[in-house]
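Peer 1: As a plain string of letters, each chain reads:
4 protein chains.
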Amino acid sequence: MTLIVLNFKTYREATGDNALRLAEICEDVSKEYSVKIIAAPQVADIHAISEAVKIPVYAQHIDGVGYGGFTGHVTAASLKAAGASGSLINHSERRLKLADIEASISACKSFGLATIVCTNNVATTRAAAAMKPDYVAVEPPELIGSGIPVSKADPGIVKGSVDAVKKIEPGVGVLCGAGITHGEDLKAALELGSEGVLLASGIVKAKDQRKALEELVTGA
Amino acid sequence: MTLIVLNFKTYREATGDNALRLAEICEDVSKEYSVKIIAAPQVADIHAISEAVKIPVYAQHIDGVGYGGFTGHVTAASLKAAGASGSLINHSERRLKLADIEASISACKSFGLATIVCTNNVATTRAAAAMKPDYVAVEPPELIGSGIPVSKADPGIVKGSVDAVKKIEPGVGVLCGAGITHGEDLKAALELGSEGVLLASGIVKAKDQRKALEELVTGA
Amino acid sequence: MTLIVLNFKTYREATGDNALRLAEICEDVSKEYSVKIIAAPQVADIHAISEAVKIPVYAQHIDGVGYGGFTGHVTAASLKAAGASGSLINHSERRLKLADIEASISACKSFGLATIVCTNNVATTRAAAAMKPDYVAVEPPELIGSGIPVSKADPGIVKGSVDAVKKIEPGVGVLCGAGITHGEDLKAALELGSEGVLLASGIVKAKDQRKALEELVTGA
Amino acid sequence: MTLIVLNFKTYREATGDNALRLAEICEDVSKEYSVKIIAAPQVADIHAISEAVKIPVYAQHIDGVGYGGFTGHVTAASLKAAGASGSLINHSERRLKLADIEASISACKSFGLATIVCTNNVATTRAAAAMKPDYVAVEPPELIGSGIPVSKADPGIVKGSVDAVKKIEPGVGVLCGAGITHGEDLKAALELGSEGVLLASGIVKAKDQRKALEELVTGA
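Top to bottom, those sequences are chains F, Z, U and W. In terms of the numbering used here, the first sequence opens at residue 1025 and continues consecutively. In terms of the numbering used here, the second sequence opens at residue 1025 and continues consecutively. In terms of the numbering used here, the third sequence opens at residue 1025 and continues consecutively. In terms of the numbering used here, the fourth sequence opens at residue 1025 and continues consecutively.
Just chain F, with the same shape it has in the complex (with noise of 0.2 Å):
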């Protein structure tokens, strides 16, 4: 089943009950046109998210640390009980080190939270597939919020990954992302071999959410 993921970013029409609407808003669409749409909101956000919608909501990054004196940290622990069910890792915005990637993603098995860790090309694919995350997602930092999107861009980048995931690790998906807004885009994607789309901006500062949401969906 095709794999919606909607990052929130820290845009405004996405942040506090902004946020609340567009997740009810993806809650809609998935149920209308039975996709499977994750939410990715702020961390302050997925309290009140969770409550309300009964889609996954995943946060935009996780610290790989446990229970401690770790001041200001994001932990899988906090995640959990504020009900996320998952989280993006090492997104481009917010890049980790490589050991906290792998730390990161041992503390979301621990405590039952899916994982997708993003990537910047087929080498770092190869290396975060190795870590054994229930996804990656590439994305050409380049294309990033630029509207064109990587399947047509570059869709070499896509194929690469999938190829590479395939021989390193199977049993790992592979999502890509970077400029994706329309359902030609996503149809794009697939036909690349990924499972899915990570995307934010092409649906968050669109006009109108629900209609470019329902857009990407329909199109596929």
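It should be emphasised that the hints constitute simulated quantities derived from the structure, not laboratory data. Since this is a predicted model, take the numbers as computed values, not measurements.
One copy or two, either will do: identical chains are not told apart, so a pair holds if it fits within one copy or between any two.
30 Å max Cα-Cα, derived DSS-like pairs, lysine-lysine: (1) Lys1191 with Lys1133; (2) Lys1229 with Lys1055; (3) Lys1183 with Lys1156; (4) Lys1133 with Lys1229; (5) Lys1231 with Lys1104; (6) Lys1231 with Lys1176; (7) Lys1183 with Lys1133; (8) Lys1121 with Lys1156; (9) Lys1229 with Lys1104; (10) Lys1235 with Lys1211.
Since chain F is already given, all that's left is putting chains Z, U and W on it; use the hints.
Peer 2: Coordinates of chains Z, U and W only, in the frame set by chain F:
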């Protein structure tokens, strides 16, 4: 009025439901003994706690970014929406770059959030005060979690910070922390000129958190 | 005496043999026009340059750690041994945590190295000055490498920094940078109260580095 | 041929003139006992050492950036120009982001520098190997500087790393480190399938560095 800031860190005894329980204890003690207690839980716990208690709830960390493409960052807007009224900044377990401390203070001011910047010695206290947060909290890192109170082990750092802030920016309050557990530690801290304390394990990991907190405030 | 700090960054035109050549140009111009020019090459180039020229050679960055288990860090001891006489600290392309800036200043002082702390606005200039480096160099990040001189585009940040430092720590010198290329830029910077400039691409990437440097110092 | 990589860290006994002396000891022992010894001094010391000895000199850290506006970074170009022939990457005392490790490996390859990526467990060894450096060096952080050799305390991590690399990228060599001091430690490391060791304090801080190094290589 004496200020007590309780940093929940990521301790198991102060995460999720435990965080809620501890915040309620803080509220009870605050009311009963007429002291100002601030609860600083993990970001994911802020929303549930803010809905349950009336004492101020602070974040343990904030990133100095605004609305936009800042995946995985903690923004003032999201903290405000979740019910926080302030934030620790630059705790020794979550040190920030100078430019980010300044940007965090600005972001908090824009959203009406109070700021407590943590520092590690008199020189960094001077620097932090020069950026005009509401409070500076000086904590020698080697004493954090040690059980040896800064007010006894290194009174000079507290006195020196108080004097330095008076010269550079007298409107900024001074707190101190590290090893603070008992009423006598708090009393000593106040006698050195600080307006309150920042503490964590002494209360959070106490067998009886309520009793430990009562001892702290009544001993003063 | 006007101070000119030439940051070699990692430009090809200022790496390895090119760095040596550029340092020699700096020395020639320094002698001929009696201006103080500091060359700030990459750390790996410091030793060869220090052996070849007599003008001061500064590092572009230093870590605030001492002798010990600090693999991969740049120490004051090693810079001193290689012939450096100072270091930039906290450049906008290599921002540091507050505590590390303070530790870097201390480490430099222990080894007799001069310190120039870079800042991005008046508030961080105040903070940096409060830690008593030899100089603060204020540079609005958005103008760095732009060719638009700070002295023209944002004179208020220079004037504001000069005034702030005078109040907080009058013994600290103020430099400014970003977009500085020509003699008139330098002149304007001095008129605003700064004691010199920090610059890079305007000279390093000039077709004729010697001519560009001569234009800078003679136009002043 | 057994590979011995001596990390000088920032120890006083391996900085400046002491670094030069230690590199000469490495060269002498290397010649006399026909073992391959790599000296990894601080970046500022590389130039002087490279001019004095003929054994390979590696950096302890490299940033994955190229020519340009990257103030304060350590580039492959500058290391090459200073005489280095390789670099450690991602040492536990200087951890890097995943994307930067990959960029560092690429940068080193462009300049003909060899790469040794340090890792902390089998999972990160897998990830590092997937990016095809010349070597992966696995070191449990808790044993570094402990004097308790990894080959005795945690043989499983070495064996597991060797096996994992064979599967994922057999062209990558495996080293191990942490607590290695004596010939028997080296011998045990080789028996577990590693091709050599990465070590530091056991030699650098020995009363007689030459004798310690001879003991290491002759005991093997």
